[in-house]
Amino acid sequence: MAKNSAPVKIRGGMRARRIATDVASYVFLTIICLVWVIPFVYLVLHSFRPGPGQFTTKFFPEAYTVENYVALFTDFNVLNFPRMFMNTLFIATCSCIISTFFVLAVSYSLSRVKWKMRKAYMNMAMVINLFPGFMSMMAVYFLLKALGLTEGDKIPLAMIICFSSGAGTGFFVMKGYMDTIPKALDEAAYLDGATRWQTFTKITLPLCKPMIVYQVITSFMGPWVDFVFAKVIARANAKYFTVSIGLFSMLEKEYVDTWYVRFCAGAVLVAIPISVLFLITQKFYQEAMSGSVKG
Amino acid sequence: MSNSLAKTAAAHRKPGKSGSLGSALKNGGPMVWLSCLVMGLGNILAGQFIKGLLFLLIEVAVIVFMFLPEGGIHWLSMLPGLGDRPMQEIWDEEEMIYKYVIGDQSNLILLYGVATVCILVALVLFWRASVRSGYQALCLKRQGKKVPGIVDDVKSLFDGNIHKLLMTPPFLCLLIFTVIPLLYMMCMAFTNYSKVGDHLVLFDWVGVKNFVSIFDSGSIIGKQFMDVLIWTLIWAFFATFLNFFLGTFLAMIINRPTIKCKGLWRGVLSLTIAVPQFVSLMIIRNMFLERGIVNQMLQNWGFLAKDATLPFLSNATWARILVIVVNLWVGIPYTVMQVTGILKNIPAEQYEAARIDGANAFQQFRKITLPYMIFVMTPYMITQFTGNINNFNVIYLFTRGDPVGVGNTAGDTDLLVTWLYKLSVDQQKYDVAAVIGILTFLVLSVVSLITYRSSGSYKNEEGFK
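Protein chains in written order, with this note's numbering: chain A, 1 to 295; chain B, 1 to 465.
Don't take every hint at face value.
DSBU-like mimics (lysine-lysine), calculated; alpha carbons at most 35 Å apart, straight line [said to hold, decoys possible]:
(1) A:202 / B:145
(2) A:116 / B:141
(3) B:195 / A:239
(4) B:164 / A:114
(5) B:155 / A:116
(6) A:114 / B:146
(7) A:119 / B:145
(8) A:183 / B:164
Part of the chain B face toward chain A, derived, beta carbon under 8 Å [as the list claims (entries may be wrong)]:
(9) 107
(10) 278
(11) 325
(12) 329
(13) 330
(14) 334
(15) 338
(16) 342
(17) 420
(18) 430
Calculated directly from the structure, the hints in this document are not laboratory data. C-beta: ideal position from N, C-alpha, C; glycine also.
All chains should be built: construct the whole structure from the sequences, respecting the hints.
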């Protein structure tokens with residue numbers, strides 16, 4: 001990359017100018033990075049701040065304590081953070097399995113099998129994706145209610161359905177990736193007498209590994225970060241809150257004064273694993289983008 | 001269905017004709033015609049008992065469903081009127097209490113009605129498939145060839161017909177939990193299902209009245225719609241293009257050959273992507289509140305008088321500008337990541353040739369980098385633009401659509417989607433919400449069609465290869 005834009009040689013007069021631009025660039029980048037990290041620094045600092053209240057007069061707290069973190073795991077009066085965490089873990093695991101299977105199935109069918117309604121299905125998915133997701137949200141809620149899934153311990157099931165049922169339209173990246181796998185591999189397998197199911201499981205899936213990891217983690221993260229759909233379904237049933245609804249409700253008017261610092265603590269606890277997972281997806285995504293079959 | 005069945009198995013040999021419905025009805029003879037009434041009859045006669053029985057079972061199940069007391073016909077017959085019996089209070093003499101008799105619930109009638117229509121459409125598709133498959137099976141039998149049995153059919157699901165096996169579960173889920181709700185919601189746009197006028201239990205069809213009132217700029221709702229629409233487009237424009245240009249600028253600075261620690265700069269930026277938006281945006285919102293840390297710091301440093309505050313989120317113009325700026329904070333890292341990848345792909349020879357011809361850095365950027373990036377980035381920009389029109393998170397988490405003018409249902413920073421959310425979830429005005437949803441869809445499809453068709457990468461796919 002450096003080769004692309006670096007001049008072949010630096011002539012004398014340009015040297016001073018180059019250094020000046022470099023200094024300016026570094027200053028600019030430092031300022032930019034400061035702007036980008038300030039909210040996170042603020043979040044972390046205030047998660048260690050003693051005492052309730054959502055507003056302070058100082059950017060840096062005067063004292064530090066871990067009691068906000070402790071309170072999250074000991075004070076279950078209003079909101080039970082560990083339970084929300086387990087709820088989310090369960091929902092995320094189930095919906096990630098279902099949606100990964102859906103995405104793989106749809107992508108393979110669209111990429112490898114030529115069937116009559118293939119184009120029609122892809123167009124339909126495109127059109128569906130253009131509708132704002134919230135438009136059908138209330139309708140989905142009514143539908144789940146009619147199916148009796150919005151009461152009591154069926155709420156997690158309803159959430160799993162919500163998070164994974166739309167996976168059939170999210171095939172674009174995966175299909176694009178499968179398209180890059182040479183068809184010759186499949187044909188060679190057919191010649192050896194393999195069925196399509198065998199080529200799917202023995203050839204396509206192993207070659208898609210980086211993309212599958214990417215898909216698994218992305219769909220696993222969905223329930224952790226989405227609060228809109230889950231909130232509509234869980235309504236006031238605090239027992240079935242996911243982490244994001246819980247954190248969101250900590251900032252509601254009646255709780256915010258006591259729960260603000262705990263919100264910061266909880267947000268840090270959620271943000272760390274999510275960020276790590278995100279970095280992993282990036283690694284696999286880049287690996288995937290460098291091509292399916294090398295050499 | 002039959003088409004692929006025929007193709008499937010070249011192993012089973014093709015039946016005489018590739019068996020479209022027309023040819024099946026024309027050449028099929030009495031048995032095929034009879035199997036139009038009794039689904040699966042053709043298959044059973046040809047020896048495919050299980051397949052035929054399955055078709056028959058589907059037919060019977062649908063018929064039973066239709067004629068149940070609370071079944072399909074009941075819901076279909078209620079659909080035009082959407083029910084009119086309110087809940088009734090009846091005095092029970094024996095137990096000396098009031099008993100409630102549940103009346104009609106229009107939203108259930110509408111939902112089940114839409115579902116029934118979908119079931120009927122599915123039945124027609126199955127019917128078509130059964131007639132064709134019966135015809136093919138009979139043809140095979142007449143020609144004295146082996147008719148594939150149930151074992152062959154199941155085997156073919158793992159081979160030539162694998163798409164049927166793989167597509168069915170995702171497609172069914174999509175149909176039930178996305179398509180039916182969408183249709184249901186679109187129907188709502190033509191009713192008066194709303195808290196206004198107490199139409200939450202019983203409502204009626206009102207035709208295009210809701211659309212008329214939205215487009216009537218004299219009405220309150222119409223004026224708000226125009227305001228929100230214009231702001232949505234302004235927002236999407238600025239959010240997309242500012243992100244693109246500033247992000248590209250930043251990426252190119254980081255990409256300068258003399259800049260060290262490229263990974264560090266990019267890593268810091270991608271923090272925004274990694275941390276969930278509801279965390280980061282709610283923190284930023286808190287910082288900008290009236291008593292938030294930003295105002296406090298400005299006071300501490302003496303830029304503001306002790307009790308003076310800047311109206312970051314309470315003044316429409318401030319809030320609008322701020323939300324665009326905050327969106328830059330959210331969006332620039334994405335652009336930087338995209339652009340960095342693209343910059344790597346520009347062939348180095350082009351720059352070398354330009355340098356030999358004496359082009360300076362700016363000329364190189366304008367003549368080589370920019371055209372290449374615009375070419376590659378157009379599809380990305382379109383998705384960004386439509387994504388910004390639909391950008392629920394930034395608006396809802398950061399400004400919550402505030403400030404809201406007196407008597408308005410939409411705030412000054414509300415986009416169509418956040419307004420839609422408020423109308424349906426908070427205010428229960430489902431009829432208007434559905435209209436907004438449909439209009440948002442129209443805006444999105446027009447925007448993406450126009451930009452996609454006029455973009456270089458659509459007209460000339462080979463352009464830069």
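Verification of the supplied hints:
no.	hint	verdict
1	A:202 / B:145	holds, 34 Å
2	A:116 / B:141	holds, 26 Å
3	B:195 / A:239	holds, 29 Å
4	B:164 / A:114	holds, 12 Å
5	B:155 / A:116	holds, 20 Å
6	A:114 / B:146	holds, 26 Å
7	A:119 / B:145	holds, 33 Å
8	A:183 / B:164	holds, 21 Å
9	107	holds, 6 Å
10	278	holds, 6 Å
11	325	violated, 10 Å
12	329	holds, 7 Å
13	330	violated, 10 Å
14	334	violated, 12 Å
15	338	violated, 12 Å
16	342	violated, 11 Å
17	420	holds, 6 Å
18	430	holds, 6 Å
In this structure, the earlier hints numbered 11, 13, 14, 15 and 16 are contradicted, and the remaining ones agree with it.
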